[in-house]
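Protein chains: 2
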Amino acid sequence: MTRGADALALLRAELGDRVDTAPESLAAARADKSGHAASGQPIAVVHARSVADVQQTLRIATRTGTPVVTRGAGTGLAGGANAGQGEIALSVRGMDRILEVRPDDLLAVVEPGILNADLNAALEPYGLWWAPDPASRAISTVGGNIATGAGGLLCAKYGVVRDAVLGVDLVLADGRLLQLGHRTVKGVTGLDLTSLVIGSEGTLGVVVGATLKLRRLVPGEVCTIAATFPDVRRAAEASAAVTASGAQPAIMELMDAASLAAVHALLSLDPPTPGAAQLTIQTDGPAAAAEADAIAAVLRIAGGNVALSHDRAEGERLLAIRRSMHPAMESLGTALIEDVSVPRSALPAMFDEIARVEREHGIVIPTVAHAGDGNLHPNFIFAGEPDEFGVIEAPEHVWAAADDLFRAALRLGGTLTGEHGVGVLKRRWLADELGDDQWELQRQIARVFDPLGILNPGKVFAT
Amino acid sequence: MTRGADALALLRAELGDRVDTAPESLAAARADKSGHAASGQPIAVVHARSVADVQQTLRIATRTGTPVVTRGAGTGLAGGANAGQGEIALSVRGMDRILEVRPDDLLAVVEPGILNADLNAALEPYGLWWAPDPASRAISTVGGNIATGAGGLLCAKYGVVRDAVLGVDLVLADGRLLQLGHRTVKGVTGLDLTSLVIGSEGTLGVVVGATLKLRRLVPGEVCTIAATFPDVRRAAEASAAVTASGAQPAIMELMDAASLAAVHALLSLDPPTPGAAQLTIQTDGPAAAAEADAIAAVLRIAGGNVALSHDRAEGERLLAIRRSMHPAMESLGTALIEDVSVPRSALPAMFDEIARVEREHGIVIPTVAHAGDGNLHPNFIFAGEPDEFGVIEAPEHVWAAADDLFRAALRLGGTLTGEHGVGVLKRRWLADELGDDQWELQRQIARVFDPLGILNPGKVFAT
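So the sequences go chain by chain: A and B.
For the first sequence, counting from 1, position 168 maps to 168 in the numbering used here; every step adds exactly one.
For the second sequence, counting from 1, position 177 maps to 177 in the numbering used here; every step adds exactly one.
Same shape as in the complex, but just chain A (with noise of 0.2 angstroms):
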């Protein structure tokens, strides 16, 4: 028997119908929404419900040396969850109890396959809220965000994902069970392994729980703006010139004009002006008002034309242009939808060096940026036909202009990935960003939690 068949049969005997062997199963787990697909296709999808589930599973893929490739909803960015030839894919999909909410406390203990949304939905009548809010946050899971450090729209008023966790339960590749972090605010015992196992990406261990640090609801009204200036470049400094005055918005998101025109034709909606790109401001909480009436001042000198509501509703329906921009770039063709994030003060030179990338290499990025934070989302839009299992992978001259973009994000001290991780997509950048010494310091670390290397091998670190 092969390592596979022998792994396979294993798993039958001791998870049963939890081993899921058809084709379409098999063929969906090669792929997430990175538009990137492994080689060859796992040998199972084990759909773990319970933690001893997990910890059989990594037992005998430890017992046979078999590679495992960790799963949630699927919706990575960077292909991190993609499990190909050879390889078990274990979802934590069906993980999706809340089994603890303590608003004394403010926190929550969850399984890791609820999806952002839903847990959101579950603490709204306690009047509590879990501040990460990646774009993706109606079909992503909270071990997905945690996995990946998934921030989304919000961080710069409410924290990254690891200012959000307090602690997880981690299975080891040998199916030990440890209990990493503290249930209290502060906790300085040891060294902070939640923070290790936060962006990840399944290569120390499989996170089977959960303990969240919560909010609660924000008070007041919520006031949006829109705004709209004759080039991407005015908006930049817009953008840079709010965070500078001080300001604190709860969301601040740039759309460039290729992206506004895009959401607007999807969206049927009348076609911007030409060049136009839009920022999309919310401030919320008790000086809500005062804060947006200072924010469309700065806009205005800065050549905004401004808009200003007071209506929720209103406000919703201006972000929801932003939440389009997915299924828009969806509408041109595939995208590979990039991740830089440079210090705030360098959004307008980022931009300067988008459009240098887009002249030099003869190819259009739409890009939207979480503008309060620095956080850029090129997009590089390719056609291409697609493989058997309906993937078309990026053509070598957008990985050539993709190339050039990271190295302009880190020539402004930026950072390769704000939030979708490195996945197998930006793994050949890595060692570029943290240096050699870095970069094997941390492939040590790795083998600590998982000395055979079966932990989503080939992610993060090339082989």
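Among the hints, a few may not be true.
Pairwise CB distance ranges (calculated) [claimed, not checked]:
1. Q444/A - D404/B: 36 to 46 angstroms
2. D436/A - R97/B: 44 to 54 angstroms
3. A244/B - P395/A: 15 to 25 angstroms
4. A290/A - A138/B: 32 to 42 angstroms
5. R97/B - S268/A: 56 to 66 angstroms
6. H310/A - N305/B: 33 to 43 angstroms
7. R97/B - G303/A: 53 to 63 angstroms
Covered by chain A, according to a simulated footprint, are these stretches of chain B (three or more residues, beta-carbon under 8 angstroms) [said to hold, decoys possible]:
8. 91-104
9. 174-187
10. 234-244
11. 249-262
12. 417-423
13. 430-441
Derived by calculation from the structure, the hints in this document are not laboratory data.
In this text, all values refer to a predicted model and were calculated from it rather than measured experimentally.
For glycine and all other residues, C-beta sits at the position ideal for the given N, C-alpha and C.
Starting from the known structure of chain A, fit chain B onto it as the hints suggest.
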């Protein structure tokens, strides 16, 4: 030549007058503010003035197999920076420059030896501040805050140290320099080694620089509430009620009767009502007055005798009582200052446990708590004969009581240390909280950074 003499000769050859072997310097390097001192004395204190000095010291340490204990201002409370027989005490206190302040990006780059208070004084003209606010802020260094995770009074509203550091520059045991983290709000490129270093107490490397996440000074008034209660349990219940009400004070400090009496005596104030405990609460920001009124109402319902001030100076006077706790304890004898943290709803139960420990062990344990975040500082007071360096070690019956108290905190879902660190004083309880598997994993991770085990050996991880 012995290993120590060999190392000393090399240090002198390479670092000249940075190498200090004056008896009083060696004696001072044995101790911190914990009341504990190392056995024997170090071979030298190296006063590093640059990253290159630190690298050179570590290269010599690696070559000669000599342990290195990094020190800042020596204000630690767990013995983590105490240097003993055969060790090099590496002081980074002299590396105290601010290298960059970027108001538009809300970040600063600093050297580790700068005092917390000096940093905030320098940031004030920019309208900025760095949130970590340990009670020792006037005399403790930013590097020490990072090494221990010392957060202080403002953590519930303004976050812990981990939330306030974007990156650190770290010299490894072999002298290599790594730049960890990023300058952006968001960044998930590779494993989060910055967070791993925060609270690692000198066991992973030497922090020689830090990129700090700043906040803007909070506009609006500051309101201060002092509320007295007949006993500490009712004060604790009141603080839990404030948290449960949804109010978010910037500061909420609880002092029990013994603490209050000692501080009043030290400051020559009228003695407080016997048995009375006190909450001191500050609100800030645009809604400070409304929040203070709401909190005052909660406190009155909880049985408090409430005074509310809108005057900043009066507020500082009220808080000065809390900030005098440490000298007040020193006036009573030698104090072992403990640091357990519990979920906020468990504060009343934790005070019950402290009362039980006092009864069963026949001692008094004056206790203050950062009630807003659930972090308690029980003070074990004792007398004894100082050793040759003036240090009085805690006697065994005090450790027995502390052991009882630690286990109570763990039973209530708490943690051994909220902000002081493990050092030498709590290392024997570390595995009780982490479990043996996690303890061993953490130790292996430390070994990846420090294969020879020369960085602060015997600290955190008991050998």
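To see whether the hints hold, each was checked on the structure:
1. Q444/A - D404/B: 36 to 46 angstroms: With a Cβ separation near 40 angstroms, Q444/A and D404/B satisfy 36 to 46 angstroms, so the hint holds.
2. D436/A - R97/B: 44 to 54 angstroms: 29 angstroms, violated
3. A244/B - P395/A: 15 to 25 angstroms: 57 angstroms, violated
4. A290/A - A138/B: 32 to 42 angstroms: 35 angstroms, holds
5. R97/B - S268/A: 56 to 66 angstroms: 58 angstroms, holds
6. H310/A - N305/B: 33 to 43 angstroms: 42 angstroms, holds
7. R97/B - G303/A: 53 to 63 angstroms: 39 angstroms, violated
8. 91-104: holds (count 3)
9. 174-187: Three-residue rule met by the stretch 174-187 of chain B, so holds; n is 10.
10. 234-244: holds (count 3)
11. 249-262: Violated - the stretch 249-262 of chain B has 0 residues with a Cβ nearer than 8 angstroms to chain A, which falls short of three.
12. 417-423: holds (count 6)
13. 430-441: With 8 residues close enough to chain A, the hint holds.
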